[in-house]
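Undergrad: Based on the provided sequences and hints, a complete structural model is requested.
Sequence lines, in order, name chains A and B. Just so you know, we're using my numbering here: the first sequence kicks off at 565 and counts up by one. Just so you know, we're using my numbering here: the second sequence kicks off at 188 and counts up by one.
Note that these hints are calculated values from the structure, not bench results. From a predicted model like this one, the values you see are computed outputs, not experimental measurements. Do not take every clue at face value.
With a straight-line Cα cutoff of 27 Å, these simulated BS3-like cross-link-like pairs (lysine-lysine) come out [said to hold, decoys possible]: (1) Lys345/B <-> Lys316/B; (2) Lys905/A <-> Lys401/B; (3) Lys796/A <-> Lys716/A; (4) Lys791/A <-> Lys905/A; (5) Lys463/B <-> Lys490/B; (6) Lys388/B <-> Lys337/B; (7) Lys680/A <-> Lys490/B; (8) Lys345/B <-> Lys431/B; (9) Lys236/B <-> Lys680/A; (10) Lys316/B <-> Lys267/B; (11) Lys680/A <-> Lys481/B; (12) Lys773/A <-> Lys463/B; (13) Lys337/B <-> Lys431/B; (14) Lys873/A <-> Lys793/A; (15) Lys345/B <-> Lys293/B.
Spelled out from the first residue to the last, the chains are:
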Amino acid sequence: MSAAIKRKGRLSARLEEFKAKSGADKRRAIVDLLFNNAMYIIIVIAIIYIAIQVPAFLSTSSIVNIISLTAAKLPIALGIGGAIVLTGTDISAGRCVGLTACISAALLQMTNYANKIFPELEVMPLWIVLLIVIAVGAAVGLVNGFFVAKFKLHPFIVTLSTQLIVYGLILMFLMIGSNNGQTLSGLDESYTNFVKGTLFRIDGVAVPKYVLYAIILTALMWLVWNKTKFGKNMFAVGSNEEAANVSGVNVFWTIVIVFVIAGAMYGITGFIEGARIASCSANTGLNYESDAIAACVIGGVSFVGGTGKISGIVIGVFLLQIIFVGLNFLSVDQNLLYVIKGMIILVACAIDMRKYLARK
Amino acid sequence: MKKLLATILAIAFVFGLTACGGNSDGEISVFYYNFGDTYISSVRSAMDKIFEDAGLNYNNYDGNGNQTTQTEQVTTALAKGSRLLIVNVVDTGSNDAAQNIVNLAKEKDVPVIFFNRSVDESVVSSYDKCVFVGTDYEMAGHMQGEMIGKYLVENYDKVDLNGDGKISYVMFKGQEGNAEAIARTQYGVEDANKVLTEAGKPELVFYDAQNSNKYLVDQSGNWSSSAATDYMNTILSQYSEANKNMVELVIANNDDMALGAISALQGAGYNNGTGKTIPVFGVDVTDAAQTMIKEGKMVGSIKQDANGMASAITTICQNFLDGKETFDGIEEDNIVGTWRVNIPYSVYTGE
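TA: Right under this line is the structure:
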């Protein structure tokens, strides 16, 4: 009750503050408000427009589909977000997802599947495989983080190198035994059920389990970013490394851990992706990082460093999926997808910098 | 000091690598357009085996989907003293890339065997020591279309889920601007329609009447299963049996995309081997697709014979090296003029 009154009080105070302003100031305040929430406004306009054109866009099954697609692309973006907060980036992410997806698929093929890559291998317990791929992802992250932190190399260069190394490893991995670079498929039911199985049904539409995993990961990352000392250190290092160092933050380990967490996220993404698409080849994961990075910057995780919110990343991923699904529903020429995506990234970054410059 | 160390390391590394090659004869250089391609990988491993068994010194190069990279690899290999080039050219959009490679090889009098990705007759004929081993790439689309048509005529009422007398389909295209993808996308439907019309059935209908392209393409151009999964999930969120507009047929340019679509269908309760199955067709007959077809989760695919291609290439390669007639030992039916060998496709439906 008292909270409601307080909120009302704050709102009316703001309103009065607004009324007290002169004409020019009023206009500026409104423009600022519009700009600062531009992404939300774009999403709402897009949804309304698409829904008017194709009402089925807001049907239960369509909404579930958009949420599932968002969930599938979320973990990798959550990982990359940390690297961007540190003014860096991580372009090894996609290949890392590819490698971990191939490993997951290889270890979890059906025992009686004719083209098993490891014919002698029984189906392994899921949690062991999950731990293995998280470890593999984290190991790549460790390499990334170590070289960035120790040698002060730009993350672009470091992750470019690991991207290539990991791709090489994928190609070698797929050549093991008699596999000859073939697509890995024939996954054990325990695995596909764990990822794609039905969590619950809304209106008879099945919501896949990986939606739940994405929610858990988002909550986990929110806690890490907002409620831990490490999270605070990460933002401190991102906004000013030297200042953070002087004030006693261990810059080296902060950077390393950011990349290790990112790597672990790619491992989990790979584990989910392997079962979701059910056939893993050397192409799996290719360029996934570009969408993830785009989602982060759309969501306000700035390359300036030190700013960004988990909610922003979720919004960014969500917006990209709205565009993908929306253009499909509208039967728009798909080449336009590139144009629209590019424009949105540009606008989002421009708005972002506008905020940053204003603060300065 | 650092520079010195780096130089020494680099030199040691290069020597280490060449030491593995260890054959005084010039190498046979094999250029693949992309190591990541599933079908090309099976050609590669078949060819590797033949070369190894014959004790020939060969070296594989990965163009990684980039013509510049590949052309640089070719010049390097020629400078190194390669005695034969086997090229899976990256750029099929124009003749320039292939012609350039031919010219480079001609200068050094080194034979060139192009394979798999199509090269124009004019390019191949411009050099007497040049041949092309490929497939009549349009055939895959024709055969896929015919297979689909036949299947539909036999199972029409079963496939026509909403009983409106028409079959609605979706087509997954692997890549824009690729001759094979274009042909498969076109003939996969056209030839199926031909068979249907002959049997007195109506033509196929694209599931989304407003889509004038009549296909969905992998935006990244990778013929990837993930693109097909995402599309299929999105389709299934709007089209279903309950809405009486379910997509009744899935045609994909390759097996990876077919498998991706099946993954999405399985999420919606179809194609699990028992119960309802939406017929899915692909091309390549990868090991994974073969299993799917055997388990009844997919209907059919068109086989590109990787082993046949590898053995034709290596036979011609050996002929060049031994100074024999170019097409010695190649099945006569498959030879086209003096410039090309076609490896036939075959239909695979698990029988």
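Undergrad: Against this structure, judge whether each hint is valid.
TA: Okay, the hints, checked on the actual structure:
1. Lys345/B <-> Lys316/B: With a Cα-Cα distance of about 54 Å, the restraint between Lys345/B and Lys316/B is violated, given a limit of 27 Å.
2. Lys905/A <-> Lys401/B: holds, 23 Å
3. Lys796/A <-> Lys716/A: With a Cα-Cα distance of about 21 Å, the restraint between Lys796/A and Lys716/A holds, given a limit of 27 Å.
4. Lys791/A <-> Lys905/A: Given pair Lys791/A, Lys905/A is violated - Cα atoms ~33 Å apart, limit 27 Å.
5. Lys463/B <-> Lys490/B: Holds, at roughly 26 Å.
6. Lys388/B <-> Lys337/B: holds, 12 Å
7. Lys680/A <-> Lys490/B: holds, 20 Å
8. Lys345/B <-> Lys431/B: Judged against 27 Å, a Cα distance of about 15 Å means the pair holds.
9. Lys236/B <-> Lys680/A: Roughly 20 Å separates the two Cα atoms, so the pair holds.
10. Lys316/B <-> Lys267/B: holds, 20 Å
11. Lys680/A <-> Lys481/B: holds, 15 Å
12. Lys773/A <-> Lys463/B: holds, 23 Å
13. Lys337/B <-> Lys431/B: Given that 27 Å is the threshold and the Cα spacing comes to 24 Å, the pair holds.
14. Lys873/A <-> Lys793/A: holds, 16 Å
15. Lys345/B <-> Lys293/B: violated, 58 Å
The structure shown violates the earlier hints numbered 1, 4 and 15.
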